[in-house]
Amino acid sequence: AMTNKEFEAEVIAALDAAKQRQKAISIKLPEALLERTREEAKRRGVPYQTLIKVLLERSLDRLGAA
Numbered sequence: 005a006m007t008n009k010e011f012e013a014e015v016i017a018a019l020d021a022a023k024q025r026q027k028a029i030s031i032k033l034p035e036a037l038l039e040r041t042r043e044e045a046k047r048r049g050v051p052y053q054t055l056i057k058v059l060l061e062r063s064l065d066r067l068g069a070a
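Heads up: the sequence shown begins at 5 in the working numbering, then just goes up one per residue.
Hints are supplied without guarantee of correctness; some may be wrong.
Taking lysine-lysine pairs in the DSBU-like style, the calculated list, with each CA pair at most 35 Å apart, reads [said to hold, decoys possible]:
{"id": "1", "residue 1": "K27", "residue 2": "K46"}
{"id": "2", "residue 1": "K57", "residue 2": "K27"}
{"id": "3", "residue 1": "K32", "residue 2": "K46"}
{"id": "4", "residue 1": "K46", "residue 2": "K23"}
{"id": "5", "residue 1": "K9", "residue 2": "K46"}
{"id": "6", "residue 1": "K23", "residue 2": "K57"}
{"id": "7", "residue 1": "K57", "residue 2": "K32"}
{"id": "8", "residue 1": "K23", "residue 2": "K9"}
{"id": "9", "residue 1": "K27", "residue 2": "K9"}
{"id": "10", "residue 1": "K9", "residue 2": "K32"}
{"id": "11", "residue 1": "K57", "residue 2": "K46"}
{"id": "12", "residue 1": "K9", "residue 2": "K57"}
No lab work stands behind these hints: they were computed from the structure. Keep in mind the model is a prediction, meaning the values are calculated, not measured.
Please take these sequences and the hints and turn them into a complete structure.
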């Protein structure tokens with residue numbers, strides 16, 4: 005499990021990355037998954053889209069390391 009401090013560092017990195025050029029996309033998610041994501045983001049005090057970016061980047065990093 006990730007500590008709050010580690011998560012905060014990832015969120016800060018994601019927000020810094022957000023200053024880079026971005027492209028809006030549309031993605032369909034199951035309602036239950038979106039709700040879980042929003043609840044977790046609220047619990048951590050971050051925007052849910054930032055949480056999605058952090059989770060996506062973390063997953064891609066793990067895939068690349070495998």
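Verification of the supplied hints:
| no. | hint | verdict |
| --- | --- | --- |
| 1 | K27 / K46 | holds, 24 Å |
| 2 | K57 / K27 | holds, 13 Å |
| 3 | K32 / K46 | holds, 21 Å |
| 4 | K46 / K23 | holds, 22 Å |
| 5 | K9 / K46 | holds, 16 Å |
| 6 | K23 / K57 | holds, 13 Å |
| 7 | K57 / K32 | holds, 15 Å |
| 8 | K23 / K9 | holds, 22 Å |
| 9 | K27 / K9 | holds, 28 Å |
| 10 | K9 / K32 | holds, 31 Å |
| 11 | K57 / K46 | holds, 15 Å |
| 12 | K9 / K57 | holds, 17 Å |
Of the numbered hints stated above, none is contradicted by the structure.
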